[in-house]
Amino acid sequence: MAKLDWKKLEQAFRREHAETGITLLEWCRKKKINYNTARTRIKMGKIDHEIDHDISDEEPSNDAGSDDEKCAKNSEKNCANSAETKRNSRSGNPHPVARFSDRNTHAVRHRGYAKYLEADNLMDDASDMVLFDELVFTRARALSVTGTLKKMFADLKEAADVETRVALYDKILKAEQALDRNIARIESIERSLLTLDVLAETAPKLRADRERINAARDKLRAETDILTSRRRGVVTPVSDIVSSLHEMSNSGRLDDIPEE
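So our numbering is basically just the index in the sequence shown, starting at one, shifted up by 88.
Among the clues, some could well be false.
Said to hold, decoys possible - Derived DSS-like pairs (lysine-lysine); straight-line CA-CA distance at most 30 Å: (1) K239 <-> K259; (2) K91 <-> K131; (3) K131 <-> K245; (4) K91 <-> K119; (5) K238 <-> K262; (6) K245 <-> K259.
Treat the hints as calculated values from the structure; they're not laboratory data.
Fair warning: this is a prediction, and the values are worked out from it, not measured in the lab.
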């Protein structure tokens with residue numbers, strides 16, 4: 089499989105996002121790229137910052153200075169009118185595309201657990217992390233434990249007294265148990281990522297199947313109504329015989345016919 093050039097892909101997504109407002113998930117489905125990997129490589133926050141920077145660069149720089157001089161000379165009323173006129177005279181899209189994607193949590197970043205942890209930088213970093221980051225971190229921990237085990241085995245060979253060897257055996261046992269837990273965690277995260285990919289692929293199919301079933305049900309009901317309305321008042325030989333039997337005194341029952 090060829091290695092993806094994420095810089096070019098990010099530039100392509102940035103251009104298409106600016107033109108159409110497409111979300112990262114839709115863009116990944118269109119390009120057939122793994123969404124979880126793309127979220128770690130393409131940062132929406134970076135794109136939003138650059139969009140704000142481009143918009144601020146397009147605004148004229150001389151207007152601010154001239155407005156400040158006018159406000160210094162005129163009264164507060166004239167300053168307010170000048171600011172209002174400046175806002176109304178700006179050109180741009182009156183219906184801009186929302187920069188925030190669905191289920192975005194930028195507005196609620198400082199509530200919940202953040203109220204009890206006075207560390208905004210940690211919450212900012214945590215809000216940008218995804219499950220793939222947990223997989224990378226867990227693998228890094230497993231590699232770190234493996235390196236520590238290598239050093240412990242080297243120390244075990246050089247240990248002279250029994251107490252040191254016993255202590256090293258205990259540490260090696262705990263390190264191997266921690267390594268087993270990390271490996272189990274890696275397998276669990278891999279299954280979760282695979283499940284998310286499967287759900288992302290099967291969700292549109294399930295919606296299409298549901299719509300197809302509903303359409304078939306509506307069609308069957310419509311055809312049944314049409315057939316029922318067409319057969320109202322239609323007399324067939326069987327219906328004529330049944331009507332004749334019902335008109336008889338014994339309703340056509342053989343046990344009521346008198347014996348000869």
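Evaluation of the provided hints:
1. Restraint check for K239 and K259: satisfied, since their Cα atoms lie roughly 11 Å apart, inside the 30 Å limit.
2. A distance of roughly 19 Å separates the Cα atoms of K91 and K131; the hinted pair therefore holds under the 30 Å criterion.
3. Between K131 and K245, the direct Cα distance comes to roughly 48 Å. Violation of the 30 Å bound is thereby established for this hinted pair.
4. For the suggested pair K91 and K119, the alpha carbons sit about 15 Å apart, so the restraint of at most 30 Å is met.
5. For the proposed pair K238 and K262, the alpha carbon gap of about 14 Å is at most 30 Å, so the pair holds.
6. The straight-line distance between the Cα atoms of K245 and K259 is roughly 14 Å, inside the 30 Å bound, and the hint therefore holds.
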